[in-house]
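Fit chain B to the given chain A structure using the hints.
Protein chains: 2
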Amino acid sequence: MRWSSAAKPSAVKINEKASREKILTLESMNPQVKAVEYAVRGPIVLKAGEIEKELRKGIKKPFTEVIKANIGDAHAMGQRPITFLRQVVALCTYPNLLDSPSFPEDAKKRARRILQGCGGNSLGSYTASQGINCIREDVASYIERRDGGVPADPDNIYLTTGASDGISAILKILISGGGKSRTGVMIPIPQYPLYSAAISELDAIQVNYYLDEENCWALNVNELRRALNEAKAYCNPKVLCIINPGNPTGQVQNRKCIEDVIHFAWEEKLFLLADEVYQDNVYSEGCQFHSFKKILYEMGPEYYNNVELASFHSTSKGYMGECGYRGGYMEVINLHPEIKGQLIKLLSVRLCPPVSGQAAMDIVVNPPVPGEESYAQFIKEKESVLNNLAKKAKLTEDLFNKIPGVHCNPLQGAMYAFPRIFIPSKAIEEAKAHKMAPDMFYCMKLLEETGICVVPGSGFGQREGTYHFRMTILPPVEKLKILLEKVKDFHIKFLEKYA
Amino acid sequence: MRWSSAAKPSAVKINEKASREKILTLESMNPQVKAVEYAVRGPIVLKAGEIEKELRKGIKKPFTEVIKANIGDAHAMGQRPITFLRQVVALCTYPNLLDSPSFPEDAKKRARRILQGCGGNSLGSYTASQGINCIREDVASYIERRDGGVPADPDNIYLTTGASDGISAILKILISGGGKSRTGVMIPIPQYPLYSAAISELDAIQVNYYLDEENCWALNVNELRRALNEAKAYCNPKVLCIINPGNPTGQVQNRKCIEDVIHFAWEEKLFLLADEVYQDNVYSEGCQFHSFKKILYEMGPEYYNNVELASFHSTSKGYMGECGYRGGYMEVINLHPEIKGQLIKLLSVRLCPPVSGQAAMDIVVNPPVPGEESYAQFIKEKESVLNNLAKKAKLTEDLFNKIPGVHCNPLQGAMYAFPRIFIPSKAIEEAKAHKMAPDMFYCMKLLEETGICVVPGSGFGQREGTYHFRMTILPPVEKLKILLEKVKDFHIKFLEKYA
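The listed protein sequences derive, respectively, from chains A and B.
The letter at position 53 of the first sequence is residue 53 when you use the UniProt record's numbering, and the numbering goes up by one with no holes.
The letter at position 388 of the second sequence is residue 388 when you use the UniProt record's numbering, and the numbering goes up by one with no holes.
Looking at chain A on its own, in the form it has when it is part of the complex (with noise of 0.2 Å):
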């Protein structure tokens, strides 16, 4: 008997009546929850779910399709793959692949590895909540090569669900105390909304400090005691976040400021959270990638025996773009012993990351090499994903500043554009009318407008009064320019319509 066609009889006899009050509404839900913000994936892009749906339904627009530069999304705005680590994944997926002569033996000798390491050879069963033992040697070993043998210990990495996993994890961790003694958490501002979101859901205190937007968005650290002093008189600050390459700015960090940012770490008695999942995205002439970890280490034994630092990567950016696999890796150092045993319990509860990420994101540490098959490929195909990514950095920056009411700090690293913009005050009467923040307003114009989803400065924060927004350069250099000019033609109209 198929239900729809009569209903059995209820067991107790009742009186039918309309829906009653939810248990779980917005007044009894929990408030932290919902004080939750997460502008990449907030109003706008819901907005523009909207409007896709209107296009599929023939509704007409002034364009054809929605443009999702959001979210750092490679795949999604065309990206191809990394072909070697889609063949070892596959590999693991499915071992009958292991005698087919259409994958190379660098692929198979990788898998192979993968699988001895996971029970019963299979990437169905849980791995270790720490993740597998052989992709935790494998980062360690990549650790040490990139910062030039500093030396890097598997015990201390976690492979994680996304970098996001690892942040959360240890910052649930850190969080603590009532009142004034409540943990206080530094972000830049700026900043990425990951931070902002697990601060409000785990009631901790968000102090912010503000990235330098005159001086190519550089983080001082006279800002950092500024904002250090002033929360002491309300919270107990102990964390201070750091994201290097920077989220959604762009800066890369130098040497002299990362020494700064970990003596006064040192010395104010902070834990350290480098988040470097951007390491490989560096474009800028002069500019490089100094990890935390490195440059600790060189600055001595008070230091690297002493700071805290918790450092997170992902298999989601640089050149490989592999976001929804949901790999990723935390690397601790000098956690308390009786912490890490609190972190894996923790990481336990979970069981286990997903365990094609943590294949996944064993390619990313260990991938072809010189001599082996498939290295020439890869080369070619990391090389040509970078450079193009650099040559979108200098080419939006450029067309950017170009156009009337609109500076762009050079994109030194990373994978957005976060331009400043002048909202003219008509408008900006306007957007509270609406009850909007003036960049939101401004951006639900442009998506209306032209179908373009960028997220408002508001969602990262910013200097008050000032106005921007994060848009990603992952679209195919044509599509981009189109894009750029799109953006031009409507910013101008703007500033007309609102003059």
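No lab work stands behind these hints: they were computed from the structure.
Careful, some of the hints might be misleading.
For chains that are exact copies, the list does not tell them apart, and a pair is met inside one copy or across any two.
Unchecked claim - Keeping only pairs whose Cα atoms sit at most 20 Å apart, straight-line, the calculated DMTMM-like set for lysine to aspartate or glutamate is:
{"no.": "1", "residue 1": "Lys172", "residue 2": "Glu201"}
{"no.": "2", "residue 1": "Lys180", "residue 2": "Glu27"}
{"no.": "3", "residue 1": "Lys426", "residue 2": "Glu464"}
{"no.": "4", "residue 1": "Lys57", "residue 2": "Asp155"}
{"no.": "5", "residue 1": "Lys340", "residue 2": "Glu50"}
{"no.": "6", "residue 1": "Lys34", "residue 2": "Asp203"}
{"no.": "7", "residue 1": "Lys172", "residue 2": "Asp203"}
{"no.": "8", "residue 1": "Lys497", "residue 2": "Glu485"}
{"no.": "9", "residue 1": "Lys53", "residue 2": "Asp155"}
{"no.": "10", "residue 1": "Lys34", "residue 2": "Glu201"}
{"no.": "11", "residue 1": "Lys22", "residue 2": "Glu268"}
{"no.": "12", "residue 1": "Lys493", "residue 2": "Glu430"}
{"no.": "13", "residue 1": "Lys172", "residue 2": "Glu37"}
{"no.": "14", "residue 1": "Lys47", "residue 2": "Asp155"}
{"no.": "15", "residue 1": "Lys340", "residue 2": "Glu201"}
Relative to the frame of chain A, chain B by itself:
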């Protein structure tokens, strides 16, 4: 220059001294995280890991391998993946294989459909936070088929990172209030420790209701009422969690019991969480899986228009045992529209569930059908796993019940035995001297003497003065027999030693 050859002089001159006090310690850490316990991967599993290391070093033990019967990890126990599932995921991973004649057409068809749902046709793109549309549609169709036509709406389906992720997310939204208004969460005892861990982490109040061991671990509504009424004195009980089929207890709830529970939840205004990850794992004659959703609808509109329900499923259990993919889904009924928005916001912070796990989930809900090329092999593989599990469930029950001082209820479903063990008072005293729960002491001895790793009942909760352990029935039949014989010999010796 290699770092190891010569450390760069520090930028700031300071006196070298020994490692100073840490910022993050057991005293300063988040007390809620400290309070979390997770027995399935707890101290006994860490001990098992140590013993494995010793065995690898050649240290002699009374056994040659550790058997990890602590966790439902099918592939690690030798179960083979379902071929069709892996073929589809491999095709999605490396779409060049879509041209390969070695893959069946029905697998290719599904892979193409999944890829069309992915940005840029790549598993490497982020998906909507709620999961890929077409997979949520497949989940809804699956639920309709399973529940005899009860309607399911893809908008009510959320793909998750295993079932644990969904359970944690919905609990996170539900917890609020302070002091006596703090949310109480009713959980069965014995329970799966994800629940107690999530409750600790969220600083909610755990409200225990006891399953009736004398009556095959049945759930009794009078006991629910007792627990609820007592809890009202110290918290605001708002959530009722059900695990059916039971973990660790293996009971399968009958229709009458589910009706009673739903009526109770309706009457007492409780939000229902139905953990139904073992829905394919039902073995005993006369037992059948009924989903809470189906019974809710059969009880009539007063119920199905009002009772708020979230139910959970996973790729990890059933016949596929794909734990490593971290696939799962949650279906919500009567969730307030504003809360749906809040849930999507919360989920969006972790971006999206792993996409290969979403693909694996799709195959679980959309397997080959009669007439398709892969149907025969699929059914053969599926039935082989399930028939074997049914055989092992019976074998385990029978063998345990032959051991003096051991009583084991029928394993009606799921994949564990949870036998009650008699522990002599002399052993209880010795356990106390070691500051161990008596069943932890027992399980540690079992591990040290036989290499068999099981989880003490105290990790799941049990009535005061009773002792149990949880053991999976996943090892292959021949190995399981040897394992059960070893447990028997150990138990008899244990009784003799502490008589």
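Evaluated hints:
1. With identical chains, the CA atoms of Lys172 and Glu201 are at most 20 Å apart both within one copy (9 Å) and between copies (9 Å).
2. In the homo-oligomer, the alpha carbons of Lys180 and Glu27 lie at most 20 Å apart only across protomers (17 Å), although the nearest pairing inside one protomer, at 26 Å, exceeds that limit.
3. Taking identical chains as interchangeable, the C-alpha atoms of Lys426 and Glu464 lie at most 20 Å apart only when both belong to the same chain, with a minimum of 18 Å there against 71 Å between chains.
4. In this assembly of identical chains, Lys57 and Asp155 lie within 20 Å of each other by CA distance solely across copies; the values are 19 Å between and 54 Å within a copy.
5. Taking identical chains as interchangeable, the C-alpha atoms of Lys340 and Glu50 lie at most 20 Å apart only when they sit on different chains, with a minimum of 16 Å there against 45 Å within one chain.
6. Taking the shortest alpha-carbon separations for Lys34 and Asp203, both the intra-copy value of 11 Å and the inter-copy value of 17 Å come in at or below 20 Å.
7. When the C-alpha separation of Lys172 and Asp203 is checked against a cutoff of 20 Å, the pair qualifies both within a copy, at 10 Å, and between copies, at 13 Å.
8. Proximity of Lys497 and Glu485 under a CA criterion of 20 Å is satisfied intra-copy only: 18 Å inside one chain copy versus 84 Å between copies.
9. In this homomeric assembly, Lys53 and Asp155 come within 20 Å of each other (Cα to Cα) only across copies, at 15 Å, whereas the closest approach inside a single copy is 48 Å.
10. For the identical chains of this complex, Lys34 and Glu201 are neighbours both inside a copy (8 Å) and across copies (18 Å), given an alpha-carbon limit of 20 Å.
11. For the homomeric pair Lys22 and Glu268, the shortest alpha-carbon distance between copies (12 Å) is at most 20 Å, but the shortest distance inside one copy (48 Å) is not.
12. In the homo-oligomer, the alpha carbons of Lys493 and Glu430 lie at most 20 Å apart inside one protomer (16 Å), although the nearest pairing across protomers, at 83 Å, exceeds that limit.
13. Proximity of Lys172 and Glu37 under a CA criterion of 20 Å is satisfied in both settings, with 18 Å inside one chain copy and 15 Å between copies.
14. Proximity of Lys47 to Asp155 under the C-alpha cut-off of 20 Å is restricted to the inter-copy arrangement: shortest distance 17 Å between copies versus 45 Å within a copy.
15. Proximity of Lys340 and Glu201 under a CA criterion of 20 Å is satisfied inter-copy only: 17 Å between copies versus 23 Å inside one chain copy.
Going down the numbered hints, you'll see the structure goes against none, and every one checks out.
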